[in-house]
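Engineer: What follows is each chain in one-letter form.
Protein chains: 2
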Amino acid sequence: MDTLCTRNLYSATAAAVLLSLGAARLLAQTSDESSPAPSNVPGAMSPSIHSDGRVTFTLRAPEAHSIQVAGGDGLGKGPFPMTKGADGTWSVTISHPVPGFHYYWFILDGVSVNDPGSETYNGYSKEISGIEIPEPGVDFYAVKSVPHGEVRERWYLSRITGQWRHVLVYTPPGYERSLSRRYPVLILLHGMGEDETGWTRQGKAQFILDNLIAAGKAQPMIVVMDRGYAVKSAAPQFAINGDTRLGDLQLYFGTFADIVIHELIPTIDASYRTISDRRHRAIAGLSMGGMQTLFIASRHLDEFAYIASLSAVVLGGSDPDETLGEDFQREFDPKTAYDGLFSDAVKFNKRVKLLWLGAGTEEEMVHAKVGEVADALRRNGVQPVFFESHGTAHEWQTWRRDLYDLAPRLFR
Amino acid sequence: MDTLCTRNLYSATAAAVLLSLGAARLLAQTSDESSPAPSNVPGAMSPSIHSDGRVTFTLRAPEAHSIQVAGGDGLGKGPFPMTKGADGTWSVTISHPVPGFHYYWFILDGVSVNDPGSETYNGYSKEISGIEIPEPGVDFYAVKSVPHGEVRERWYLSRITGQWRHVLVYTPPGYERSLSRRYPVLILLHGMGEDETGWTRQGKAQFILDNLIAAGKAQPMIVVMDRGYAVKSAAPQFAINGDTRLGDLQLYFGTFADIVIHELIPTIDASYRTISDRRHRAIAGLSMGGMQTLFIASRHLDEFAYIASLSAVVLGGSDPDETLGEDFQREFDPKTAYDGLFSDAVKFNKRVKLLWLGAGTEEEMVHAKVGEVADALRRNGVQPVFFESHGTAHEWQTWRRDLYDLAPRLFR
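Residue numbers (the working numbering), protein chains in the order written: chain A, 136 to 547; chain B, 136 to 547.
So that you can see chain A by itself, here it is in the shape it has in the complex:
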C-alpha cells in the first residue's frame, strides 16, 4: 500500500506531506522557546527564531563535507560555518541579526543553494531563500484586520521591446465599491537583481498602504510595480557596475523610460480609474530603481510632481564617457546635476511637490553620499526630505520604512 500511495495513488507530488502546521509551530514554540520564521514554507521547523532574537539554521546533509550560511548584510559578517551533528544535520545559530528581511543561502560543498525550509524570492537575479525576522513592537507591515486592497497581475505587450511585460497593480480598499472615484498613482520601482514582485513579496507594500490608508494617514492610491528591465531586441548585454559609462546607462535607462512614459502610464490610465495628471502621479524606486526614478523624472517633469529616490546613488554628471565610479567620487553640484534640474530652486520647488531621498545608516557610502546630496540641494534652496533608516543596510527593512514615511507625504 505504501508504494501504491506514494507513487501511484497521488503520485510522488504528495508523498508524506504534513498538512497541519499550526499545530507543529505551537509545539516548537513550547518545547525550546524558538519558533519557525514567518518566512518558512508551511511545516518547515527551520530556520527558527529564538525568543532572544538569535536565529538557528539547520540542514540535513549526512554526506556533505562543508556547509556555511551566507546572506544579506543584516545577518552579520558571514559566511557562518555550520557544524555537523551525529544524525547528519548541520546547524549554526547566529547571534545578532538585524530584524527585517534578509536574503540568505547555504554554501553546500562550495555551491550556493536554497534552504528547502524557506520561501524563495526574486533577488540576486534568481529565486533565493529569504528569512523574515520580526522587529519587536513593529507591525506597520503586518496583515491586520483593516480593509485590504488587491494586488493585480496584468500583462501588456510592449511595442518598444516586442515582449509581453508583467506588471503588478495595487488597487486600494474601496476601489471596487466607489465606482465614480478616481485615484492618484504611485509608480514604484524595484532594485537590480530583483523584479516586479519585490515590493509586495519582500516589501509588503500592499499591507503598508492598507494600514496607512485605514489609519487615515495616506491617501488611497493606485500603486504600479513594473519590471525595471527593458532592452530593445538585439541590444547588447548590459551590466551596471562602477565601470559602466554614463552614456551606456542613459541608453539603457532610456528604453525603460520610454516604456514608462509611452506604454505603462497609458496602459494604467486606460485600465484603472486614475487621475491622469502630474499632480496626482508620483514615481519612486529603490537602488537601481532610484536611479531610474531621477533619470525618468528629470526628463519628464511634466508627468510627475512627486519624486522619491531610495538607497540610490544620485548622479552628479552627464558626461557620457564618465564612469559611474568616477561620478560617485566627485562632489555633487546641484547647479549642473541632471542637466540643471535643480539649478533654479524657485522653479523646481514650485513644480515638484516633493523630492524625497532616503538611505539606511548601515549602507555606508550610499548613506553618506545621499546625505551630502541632500545638504548640497538645501544650500541651493531645494528642500528635499532626507529620511534615514537607523541600523538597517541595503535591504528591505530600509525600504519598508521608506515607504511608510513616504506614502503619507504623497498627493497632499
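The set of hints was computed from the structure by calculation and includes no laboratory data. Here the structure is a predicted model, which is why all the values come from computation and not from measurement. Accuracy of the hints is not assured; some may be wrong.
[What the hints assert, rightly or not] Chain A residues, not near chain B, derived (Cβ > 10 Å throughout): (1) 244; (2) 313; (3) 352; (4) 393; (5) 411; (6) 438; (7) 478.
[What the hints assert, rightly or not] In silico EDC-like cross-links for lysine to aspartate or glutamate, where the CA-CA straight-line distance does not exceed 20 Å: (8) 482/B - 438/B; (9) 279/B - 398/A; (10) 279/A - 288/B; (11) 219/A - 474/B; (12) 279/B - 288/A.
Idealized CB from N, CA, C, for every residue including glycine.
Dock chain B against the given chain A, drawing on the hints supplied.
Structural biologist: Okay, now just chain B, sitting in the frame of chain A:
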C-alpha cells in the same frame, strides 16, 4: 572601484547582474541549436532545450562529489547521474522528456537542492525548481495577443481557523468595462503539496481562459483559487496516504468545506459581480483537490451545478474506519458511493449539469480507477465526461489539457 561597487555602491544585491537576456538567449540558440528553457530565470543558460527535444541540465560545482537530476514522472526514469567536466561543471542530457511542466531538483552530495537557473514553484510542500518544455504545435496556454483578464490577490480572515487566507481570483477580460455584467464562478482547487498559486504559475489557467474566451469557446467567468489547506486551531497534524482513515479525511476535508461554503463563496459574492446561484457556480480540483471537490459537492449540491474531478481517486465508501488504500482496492458501487449521490441517476442528471472526470494515461492506477468509475456510473445511468490526457502523468500538462476541455463545457 570594484570593491566599492559590488559591496557599497549597490551592495551585494547587485553584483555582476547581466540585464540583457534577450540577446543572450539569441546567442545560445544560434551557437548550438539549444535554447534556455522558458522557465529559466532571465539570463540563465541552463537548463537548455535542444531542437530535437532533449534537455541538458548543468551545475557548476567543482568541489562536489556526486550530483544527479531527479524530477516529475515526465522527465523519465531518474535519477540521472551527472558527469563532471574539466572546469568543474557537471552536466547530463535527458533524451525523451514528455513536453509540459515538470518539477525537478539536483541531488548534490545527497541533498535535494534547487537549480539556480530555474524559477521556483510551490510543490512538494516547498519551493522547488520547475522546467517548462514546449509541446510542438501547442499554444493554448501561451500568452497571446488577445484581451487578458487579471489575476488578483485577495486576503480574507477565516473565523473557522482564526487565520488570514490568501486567495487568487481571475477576473475575465472586460470585467472592468462591463460594470453591469455579472459572471459565473469556477472554484478551482490545487493538489497536495501545492498551493493556491499552482493553477496560475504552473497551470497557466489565466492564459487558457483568456484564449478560450477570446475564441468564443468559453463563457467569461470568474475563477477562484483558494488554498486547499485548513485546520482548526489545535487540530492534530494530518497527512494523506494509503493508511489514512476515511473518518479522518472527512474531518479534515470538512473544515475546508466549511470555509468554502460559509466564508469563501460569501467573500467572493460580496467582492465581485458574481451570479450567485448554483447554476452559475462550478467546482473543480486536481488530485487532492478533486477529492475535495467531490466531498464538498456531494454535501452541498445546492451550491454547485458543475463538478469536475481531475486525476483524483473517487472514493467508493464512507465507513470512517476504512483506510484510503482499502477503499481504493474495492469495486466502485454507484449505488452507495458518496452516501448515494449517484444512486438516483434521473434525479442526479436533472440536478447536475456536468460531472467531469479526467486522468492522464500515464497515471497508471488513477487512470484505470477513474475509467472504471466512469464506466460504473454510465451503467447506472449517470453520464460523466471522461477525459483522458494521452501520454501525460500526474503532472501539470494533464491538468492544463483538462481545463482546456472543461472550461468550454461550463455555464452552457
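Engineer: Hint by hint, note whether the structure agrees.
Structural biologist: Hints, verified against the model:
The beta carbon of residue 244/A sits about 5 Å from the closest Cβ of chain B, which is not more than 10 Å, so the claim that it is off the interface is violated. The Cβ of residue 313/A sits about 13 Å from the closest Cβ of chain B, beyond the 10 Å cut-off, so the non-interface label holds. Against chain B, the non-interface label of residue 352/A holds: every CB pair exceeds 10 Å, the least being about 20 Å. Distance to chain B confirms residue 393/A as a non-interface residue, since its nearest Cβ pair spans about 16 Å, more than 10 Å.
For residue 411/A, the requirement that its beta carbon stay farther than 10 Å from each beta carbon of chain B is met, with the minimum near 16 Å. For residue 438/A, the requirement that its beta carbon stay farther than 10 Å from each beta carbon of chain B is met, with the minimum near 23 Å. No beta-carbon of chain B comes within 10 Å of the beta-carbon of residue 478/A; the shortest separation is about 26 Å. With a C-alpha separation of about 16 Å, the suggested pairing of residue 482/B with residue 438/B holds against the 20 Å cut-off.
For the proposed pair residue 279/B and residue 398/A, the alpha carbon gap of about 18 Å is at most 20 Å, so the pair holds. A C-alpha spacing of about 16 Å is found between residue 279/A and residue 288/B, which places the hinted pair at or below 20 Å, so the restraint holds. A hinted pair counts as satisfied when its Cα atoms are at most 20 Å apart, and residue 219/A with residue 474/B does not qualify at roughly 54 Å. The straight-line distance between the Cα atoms of residue 279/B and residue 288/A is roughly 16 Å, inside the 20 Å bound, and the hint therefore holds.
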